[in-house]
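Trainee: Based on the hints, put chain B in the right spot on chain A.
There are 2 protein chains.
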Amino acid sequence: MSAPIEFYFDFASPYGYLASESVDALGERHGRSVVWHALVLDANFQSQDRIRIPASAMRSDYVMRDTERLAAYMGLPYKAPSLHSLHTELAARIFQWLNDRNPAQAKDFAHGVYRAYFVDDQNIAEAEVVAGLAERAGLARDDFNAASNEPATKARFKAEIDMAEARGVFGSPFFIVEGERFWGNDRVPQLERWLASGPY
Amino acid sequence: MSAPIEFYFDFASPYGYLASESVDALGERHGRSVVWHALVLDANFQSQDRIRIPASAMRSDYVMRDTERLAAYMGLPYKAPSLHSLHTELAARIFQWLNDRNPAQAKDFAHGVYRAYFVDDQNIAEAEVVAGLAERAGLARDDFNAASNEPATKARFKAEIDMAEARGVFGSPFFIVEGERFWGNDRVPQLERWLASGPY
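Residue numbers (our numbering), protein chains in the order written: chain A, 1 to 200; chain B, 1 to 200.
The following block holds chain A by itself, in its conformation from the complex (with noise of 0.2 Å):
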């Protein structure tokens, strides 16, 4: 059984959403697993590398028309956002309470999460935002208040991107497979190779 492709994401990434709506085929293209993982990579994560792109460049000129370009080549819908730097820790703990659960839901909830950030333009680091968008994955009211307030999912939560600081993760989206890191849409290519004809 080979390894899966673990893959790494935060919310506020519009990298991170592009990635999101490919990563799945890309498994499949290549019979392995995708594992998911949601982070927050804000002022508090730490990675082993010495790369921190600033959050402010995420409103460079260029960072905004290259994602619109991207998701063009790409193929995806993506409108500009016309919120920035939200915070989304509530987003990704909720996914990470699914995912323990019900991995294919977690990932409906995720798509549903980037959609509204990237081609709906909504706020997700509202809470009613969030729930609304974890009801129509199918989680219930009762749950989503569970998740979102219980110690348990927050240490759960910080575990995971204790985690990830370990493996060495410092961005969005980052892929792991096999030990090799991926870091970004433009190195998809050089995982594919990898998949294919293994380590080089």
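Simulated from the structure, these hints should not be mistaken for lab results. Among the hints, erroneous ones may be present.
Any copy will do: because identical chains look the same in the list, a pair fits if it lies in one copy or spans two.
[As the list claims (entries may be wrong)] Below are the SDA-like pairs computed for lysine to any residue, each with C-alpha atoms no more than 20 Å apart in a straight line: (1) Lys107 <-> Arg136; (2) Lys107 <-> Arg156; (3) Lys79 <-> Pro199; (4) Lys79 <-> Trp36; (5) Lys79 <-> Ser22; (6) Lys107 <-> Gln122; (7) Lys107 <-> Ile51; (8) Lys107 <-> Leu76; (9) Lys158 <-> Asn145; (10) Lys79 <-> Gln190; (11) Lys79 <-> Thr153; (12) Lys79 <-> Tyr200; (13) Lys79 <-> Ile53; (14) Lys158 <-> His111; (15) Lys107 <-> Val129; (16) Lys158 <-> Gly31; (17) Lys158 <-> Ser82; (18) Lys79 <-> Arg59.
Mentor: This is chain B only, laid out in the frame that chain A set:
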């Protein structure tokens, strides 16, 4: 007559080296000339964009592995240099001096400098090393000395940097065609689509 591809690079940038080995073939595939521009992306370099990757990132485990893997992916020779954050302004000034007089000779020189640094592990910050590389590209020693020290050469190089900043360049390699900016080898597929079928 189509606009040329403007190719910006820093001699200290391994990604710039990898781009330098393929950019002219890219231009030829699409019937475009390629204008090369040497840069020094040091602490004095300002750009309109808010993206700044610290020089220390070039020593990160991730980037060191990524450059080796990208070279293998592109089928190019590469040996991680033992010296980092070299001061490459002299090589850039000599390049500019040559490029104003004989672009083909300047490209020969640029290939020599890049391969000396990223294949043969030479210290391209040393004047003697640069002089030897210039001589191999056909630059007489007297011309080298003049190009190294003339105030006009320094002013010309400064103007090149100002032009790059005005155009919104902030990394290496960096490509501009018809005002559209593409940062990094990983945007070359998007650049190719632009060249093949126009703006999107």
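Trainee: Could you run down the list of hints and mark each one as holding or not?
Mentor: Here is what the structure says about each hint:
Within a single copy, Lys107 and Arg136 get their C-alpha atoms as close as 12 Å, which meets the 20 Å cut-off; across copies the closest is 58 Å, which misses it. For the identical chains of this complex, Lys107 and Arg156 are intra-copy neighbours only, at 18 Å inside a copy versus 55 Å across copies, given an alpha-carbon limit of 20 Å. For a Cα distance limit of 20 Å, the shortest separation of Lys79 from Pro199 across copies, 18 Å, qualifies, whereas the shortest one inside one copy, 37 Å, does not. Taking the shortest alpha-carbon separations for Lys79 and Trp36, neither the intra-copy value of 24 Å nor the inter-copy value of 34 Å comes in at or below 20 Å.
Only within a single protomer do Lys79 and Ser22 lie at most 20 Å apart by alpha-carbon distance; the minimum there is 18 Å, versus 33 Å between protomers. Only within a single protomer do Lys107 and Gln122 lie at most 20 Å apart by alpha-carbon distance; the minimum there is 19 Å, versus 50 Å between protomers. Taking identical chains as interchangeable, the C-alpha atoms of Lys107 and Ile51 are never at most 20 Å apart, the minima being 28 Å within one chain and 31 Å between chains. Proximity of Lys107 to Leu76 under the C-alpha cut-off of 20 Å is restricted to the intra-copy arrangement: shortest distance 17 Å within a copy versus 39 Å between copies.
Taking the shortest Cα distances, Lys158 and Asn145 sit within 20 Å of each other inside one copy (18 Å), while across copies they are farther apart (60 Å). Taking the shortest Cα distances, Lys79 and Gln190 sit within 20 Å of each other only across copies (19 Å), while inside one copy they are farther apart (28 Å). In this assembly of identical chains, the alpha carbons of Lys79 and Thr153 never lie at most 20 Å apart, being 32 Å within a copy and 46 Å across copies at closest. In the homo-oligomer, the alpha carbons of Lys79 and Tyr200 lie at most 20 Å apart only across protomers (15 Å), although the nearest pairing inside one protomer, at 37 Å, exceeds that limit.
Proximity of Lys79 and Ile53 under a CA criterion of 20 Å is satisfied in neither setting, with 22 Å inside one chain copy and 26 Å between copies. Taking CA atoms no more than 20 Å apart as the test, Lys158 paired with His111 passes in neither setting, with 22 Å inside one copy and 48 Å between copies. Proximity of Lys107 to Val129 under the C-alpha cut-off of 20 Å is restricted to the intra-copy arrangement: shortest distance 17 Å within a copy versus 55 Å between copies. With identical chains, the CA atoms of Lys158 and Gly31 are never at most 20 Å apart, being 31 Å at best within one copy and 53 Å at best between copies.
For a Cα distance limit of 20 Å, the shortest separation of Lys158 from Ser82 qualifies neither inside one copy, at 29 Å, nor across copies, at 38 Å. For a Cα distance limit of 20 Å, the shortest separation of Lys79 from Arg59 inside one copy, 14 Å, qualifies, whereas the shortest one across copies, 36 Å, does not.
The structure shown violates the earlier hints numbered 4, 7, 11, 13, 14, 16, 17.
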